[in-house]
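Starting from the known structure of chain Z, arrange chains F, B and S on it as the hints suggest.
Protein chains: 4
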Amino acid sequence: MPSQQLLRVGMVGYAFMGAAHSQAWRTAHRFFDLPLTPEMTALVGRDEQRVQAAAERMGWGSVETDWRRLIERDDIDLIDICTPGDTHREIAVAALAAGKHVLCEKPLANTVAEAEEMAAAAEAAAQRGVFAMCGFTYRRTPALALARRFVQEGRLGQIRHVRAQYLQDWLSDADAPLTWRLDKDKAGSGALGDIGAHSIDLAQWLTGQRIAGVSALMHTFVTERPVGGDFVGLGGHGATGQDAARGPVTVDDATAFTARFDGGAIGVFEATRFALGRKNAVRIEINGTAGSLAFDFEESNVLQWFDAADAADAQGFRRIIVTEPVHPYVGNWWPAGHGLGYEHGFTHQVVDLVTAIAAGEQPRPSFADALQVQRVLAAIEASAENSSAWQSTTD
Amino acid sequence: MPSQQLLRVGMVGYAFMGAAHSQAWRTAHRFFDLPLTPEMTALVGRDEQRVQAAAERMGWGSVETDWRRLIERDDIDLIDICTPGDTHREIAVAALAAGKHVLCEKPLANTVAEAEEMAAAAEAAAQRGVFAMCGFTYRRTPALALARRFVQEGRLGQIRHVRAQYLQDWLSDADAPLTWRLDKDKAGSGALGDIGAHSIDLAQWLTGQRIAGVSALMHTFVTERPVGGDFVGLGGHGATGQDAARGPVTVDDATAFTARFDGGAIGVFEATRFALGRKNAVRIEINGTAGSLAFDFEESNVLQWFDAADAADAQGFRRIIVTEPVHPYVGNWWPAGHGLGYEHGFTHQVVDLVTAIAAGEQPRPSFADALQVQRVLAAIEASAENSSAWQSTTD
Amino acid sequence: MPSQQLLRVGMVGYAFMGAAHSQAWRTAHRFFDLPLTPEMTALVGRDEQRVQAAAERMGWGSVETDWRRLIERDDIDLIDICTPGDTHREIAVAALAAGKHVLCEKPLANTVAEAEEMAAAAEAAAQRGVFAMCGFTYRRTPALALARRFVQEGRLGQIRHVRAQYLQDWLSDADAPLTWRLDKDKAGSGALGDIGAHSIDLAQWLTGQRIAGVSALMHTFVTERPVGGDFVGLGGHGATGQDAARGPVTVDDATAFTARFDGGAIGVFEATRFALGRKNAVRIEINGTAGSLAFDFEESNVLQWFDAADAADAQGFRRIIVTEPVHPYVGNWWPAGHGLGYEHGFTHQVVDLVTAIAAGEQPRPSFADALQVQRVLAAIEASAENSSAWQSTTD
Amino acid sequence: MPSQQLLRVGMVGYAFMGAAHSQAWRTAHRFFDLPLTPEMTALVGRDEQRVQAAAERMGWGSVETDWRRLIERDDIDLIDICTPGDTHREIAVAALAAGKHVLCEKPLANTVAEAEEMAAAAEAAAQRGVFAMCGFTYRRTPALALARRFVQEGRLGQIRHVRAQYLQDWLSDADAPLTWRLDKDKAGSGALGDIGAHSIDLAQWLTGQRIAGVSALMHTFVTERPVGGDFVGLGGHGATGQDAARGPVTVDDATAFTARFDGGAIGVFEATRFALGRKNAVRIEINGTAGSLAFDFEESNVLQWFDAADAADAQGFRRIIVTEPVHPYVGNWWPAGHGLGYEHGFTHQVVDLVTAIAAGEQPRPSFADALQVQRVLAAIEASAENSSAWQSTTD
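As you go down the protein sequences, you meet chains Z, F, B and S in turn.
Per my numbering, the first sequence starts with residue 26, numbered consecutively.
Per my numbering, the second sequence starts with residue 26, numbered consecutively.
Per my numbering, the third sequence starts with residue 26, numbered consecutively.
Per my numbering, the fourth sequence starts with residue 26, numbered consecutively.
These are calculated hints, taken from the structure and not from any lab test.
No experiment lies behind these values; they were computed from the predicted model shown.
Where a beta carbon is used, it is the ideal one built from N, C-alpha and C, also for glycine.
Hints may be right or wrong, so weigh each one.
To be verified - What follows is a set of in silico ranges between Cβ atoms, one per label pair, in the way DEER data are often shown:
{"#": "1", "chain 1": "B", "residue 1": "Thr90", "chain 2": "F", "residue 2": "Thr62", "range": "44 to 54 Å"}
{"#": "2", "chain 1": "Z", "residue 1": "Thr245", "chain 2": "B", "residue 2": "Gln177", "range": "53 to 63 Å"}
{"#": "3", "chain 1": "B", "residue 1": "Arg71", "chain 2": "Z", "residue 2": "Ala336", "range": "43 to 53 Å"}
{"#": "4", "chain 1": "S", "residue 1": "Thr419", "chain 2": "B", "residue 2": "Asn357", "range": "51 to 61 Å"}
{"#": "5", "chain 1": "S", "residue 1": "Asp210", "chain 2": "Z", "residue 2": "Arg389", "range": "47 to 57 Å"}
{"#": "6", "chain 1": "Z", "residue 1": "Glu178", "chain 2": "S", "residue 2": "Gln77", "range": "36 to 46 Å"}
{"#": "7", "chain 1": "F", "residue 1": "Arg98", "chain 2": "B", "residue 2": "Thr62", "range": "21 to 31 Å"}
{"#": "8", "chain 1": "Z", "residue 1": "Asp91", "chain 2": "S", "residue 2": "Asn357", "range": "23 to 33 Å"}
Stated by the list, open to error - Partner residues are not named here, just some residues of chain S that face chain B (Cβ under 7 Å, in silico):
{"#": "9", "residue": "Phe41"}
{"#": "10", "residue": "Leu242"}
{"#": "11", "residue": "Leu301"}
{"#": "12", "residue": "Ala414"}
{"#": "13", "residue": "Trp415"}
Same shape as in the complex, but just chain Z (with noise of 0.2 Å):
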């Protein structure tokens, strides 16, 4: 194949989320017909051991340990940052400067001036035909992206509820380690930017409505953890003695906010790694003035419907198994009823951020839809540190 045909990308970071991102860009195009082939060219961490292990056994060409050196390189065409949300505005503003596109994780930035930035630099590299986009993966959930499917042709007539609940429990072990993520300065916040950020982009994509205010509370239910674990598995969740040195805990353990959209419906939000039990329940659902849908990750495969034009004696929620080659990306897939995993959001995601940008199109969603997420996740902060009196997104 000619090199021109190729996607040639550099990735900075690589524990759970270049995990992903590496499994996606792998296979994506074994399964879909990709207008450009990836091709996984260099992996960029600090430790030159750890990092050059990570891309043998991932399948990176090569690897850098400053991430600058992937903004020199000729010979990478897209930089994919996995890395805490700190780093996320210098790595993507340079790399756009340079004419990469770029694949940044949620959420954006750590701040709204840092996401303004960024947002500002993507609408610049567009006008240069460099492209930007946001991970909000579960929009990539084929049940999800069938909820999408149904709103938009108006199956649901006029949104009246959404309520989302984004309930993990890892946290909840009051001796579980201090990880970054837990870390303000790193991490921006806690359940709300790591989860909850999740559940305000699948909110407003699935409504087409922004939410226009909130009402917020925080809560911190363990102020101090175990210090100086060793990192433990992909996500960190490992546990420490109890006899370990403790630090403080300076984000949110829980957000909770109702919300008004700008298009007339209220919303109920929750976010929480201690919900115990929940492992990565994402739920959410809507109810409009002609049907509902209800969707739980612990269920990915699912989407539940209730269609009032149903004859009434025969209404209820349908548990649509969505598996079938009518539903989105499932058709690239396996035959009826064999379910895909977490980690197929990621591969189409690849295979939609690859498309737009052959395509010459703006891949959604974009540092500006991710800027106003990250105005919301502001108002929410604002509101709680405000007796949760009403605050404006747009303010």
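Then chains F, B and S, alone, in the frame of chain Z:
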């Protein structure tokens, strides 16, 4: 049987709640050993012909067209109030003053002031051995009674999260008629008092914690509805034509609020009658440090229970089918696995009420308990009127 | 009310089934408009003291210690037989001969010969306006009545598959006592007649097809059990000590069979009281060319329905919560979403029976219907005794 | 890496199974530490152009148009057979004779005679350190691997009941085309071998008991189907016009059987591709004296587990979400709660196979294991042809 063994009941109102209470008075002593045998002595309604027909159908021995006649009658030991909230205070206070026990439907009243007067009257009456109880019947659903047992036994550890939803959809149709439940003068509030009050009582009763403060959002989706429709069905859930004259809806269609409990838990609540496809979804989930509970009235015989003490590879929410002799109330009914229905909660309410009266003990929830719920309702309304700003429930 | 409007009932037996029937006789006219008002006239039991106590508790107006007295009494219009199967024939035939209507618990008899005699007696009586019905009450569960409506309306198309399971676990403990249900002389058979008979009746009634032939396997896991235990609980599901003397179990603990229906469907059936964790799982699934239905009594208010005519991307089993006014029987009870329990099927049975008697029409299932079920039971036993070889039900 | 660390694979066939196997060979060493690194060396197909395109898409390094060439090539260590059952014997026997390891799709063969020859060849080869395995991949679904662990640890006690269903619906449409899977010469049998074989293997593997005898019913609902339709989709699940010429279906559309296991359990099995609405419902439930397990591939990341040792009031099936590091295979993938999909079973199969080969140990299921499954399949056919009469599997 000698008459002192009877508990002679007079009931006011005979719509949906009256039918449910009648079934309970008729049934309780058939399955439970009661210290006093209920006698369905008198039924009260304003329309003589209709109340007479209702009494025959429901099995009441006599009728009255003015509740004040019940107060005067010597052959009435207990007055059961099943009328809209605007009448509760007057009837209850008079009945207690006359030495009649009182069972009063929820919410206790339409205002805190009324509820305070009622609680004071109840406290005074209790000194004389005359008792009052408020009808938060969901407490008597076996699965929820089991949930409370688990909390009280400490199986959940310290409680961190409460998420409670009460979802119905019978107002989703914008042409559903304007019943008394949509009239603030009669009903006090809309979704908040009608169904949200149940969630508040359940959440506090289950956790043993009281709501200390709230931030709330209330919304009315359909501001005018057809008037003049005949009363249709027990719950008045009928539909009238689109040509009918329309009158204003003066209550909330949906209410959502965040809360902090006095024991450290945080809560997220939502009550609506616009969640298309959800018929009577009384949902509550509680996460503690040692376990979690979840309940949905759409599976009313089931309690979900997660025990963090289970073997690590065998943890998961248990679907406890609460139909076994070891479960609260259940042993008096059918063999294992033969579920109960909605109305059984009312029968259990009669059992608990009659047992407490005979023992000279205060039945729960007392009017004082219900007054506290009323204060929470008032705080929610105050917050909603004040841009969702935080509102203490004890100010 | 003039006495000709009454239907005066005498009931024989007052254990589990007697309690369920009493609740039905007591309740039906409170919620349904009946052409005749049931009067609970007399209860029959061998032990005078116990039957007297039961009558008081259950609300029967008089007692007898010999069922033959009911036959003689002029003030009895209908005899309700709630005793073990070995007594059905004698009571029913005598009652019908005496001009009493009969409601007889299932299975109709312990042998085909007995059932034939009963069906002949019923047919003769029907000529004189005296009717007999057999108590396969699950037909009156609203969700199953709705299922039948769907089949009759052709919504399933041509039926291909029936899979039916009736799973309980109350004999799983090898020390559960030897009750009459484990004695072939009294009960006729074990899981087969006690619970499998329900599945057979349901499958035939729902599909409108009759079982033409079967191949069966019957098995007894625990061949001896403790004797001498007192009768414990309504269903006799108590436990006795391990030291008790043991007697032989003479019935099947579990029965499984494959079947062919006369309309072309094939069926797979299983009945057991050893499915640990399954309390009363009456499950049936039916697949046709146009739709599928599934039901599990563990969610007794729910019918699962798959419609192949739904849009291709929106197909899925609908969870119909059968609690709406448009559903069979439900409109007479509570508002939307307020589910019914196990015993409501018995109330509906009274409604259907009384309505048919007043109209001079044959109530269903007739004794002829129940005789046909008995033939299926006999064919199953014959096949099991003959190395599972295929056995026609009409030979 | 030195070449002796590679395991060089040649694969025959590249339809549905070939795609799944390719993804597994491509992915296994990216997530698991393997003692040998798979190399996707050669792909075999009869049509050179198509096999070349498939090889590029799937990532195979070279192609052949005759599987015999693989046998001759020195750079092939293992042959992976993904073709219809009528070709398995010849390829596998030749490969083993040539010293190539073999992975063969299920069912092992189309007849017992073929399977016997293959098992003999495998046994002989194993003496020389050359191994054969049959691809019953569901064993590698984490939830089922966990189920087996529970049984082996004795958590279920003595097993009494197995009920297994494998339900699909892709043949429900009578105009679905006549593919090779409906041709007895190619496929051996229909639902029985295609999907029922999985249930048989699972049931025996999970329980540790072998099926000793069966009574079976086999049925073909649609006896003629359109021919000449192009191969459509990975599974050939396409539809052709109604006007097409029709050819005979020579296999079973559905098979049901009862079984006795050599350890005392009884089983009920059903396999069909006509269960409208069921896409890939691989269901199995096992009841023991101490616990019960239930699984449905429609929720493939979940294992239901009932423990009779739980507190009496807290018993219920636990919904174990099998996505935790403590669960089989899972720790190598994502953090808690991030589920796997259908294809991961194939990746785990590669892991287990490569690990066993490197250790010089027999991978399971061996050809001997698969031969025993074949004997059960043959007994089922024999019983079905003999009026369902009992048929031993060892005669």
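So, going through the hints one by one against the coordinates:
1. Thr90(B) <-> Thr62(F): 44 to 54 Å: violated (26 Å)
2. Thr245(Z) <-> Gln177(B): 53 to 63 Å: holds (60 Å)
3. Arg71(B) <-> Ala336(Z): 43 to 53 Å: holds (52 Å)
4. Thr419(S) <-> Asn357(B): 51 to 61 Å: holds (59 Å)
5. Asp210(S) <-> Arg389(Z): 47 to 57 Å: For Arg389(Z) against Asp210(S), whose Cβ atoms are near 51 Å apart, the range 47 to 57 Å holds.
6. Glu178(Z) <-> Gln77(S): 36 to 46 Å: holds (41 Å)
7. Arg98(F) <-> Thr62(B): 21 to 31 Å: holds (28 Å)
8. Asp91(Z) <-> Asn357(S): 23 to 33 Å: About 30 Å separates the Cβ atoms of Asp91(Z) and Asn357(S), which means 23 to 33 Å holds.
9. Phe41: violated (21 Å)
10. Leu242: Where the cut-off is 7 Å and the nearest Cβ of chain B is about 4 Å from Leu242(S), the hint holds.
11. Leu301: holds (5 Å)
12. Ala414: holds (4 Å)
13. Trp415: holds (4 Å)
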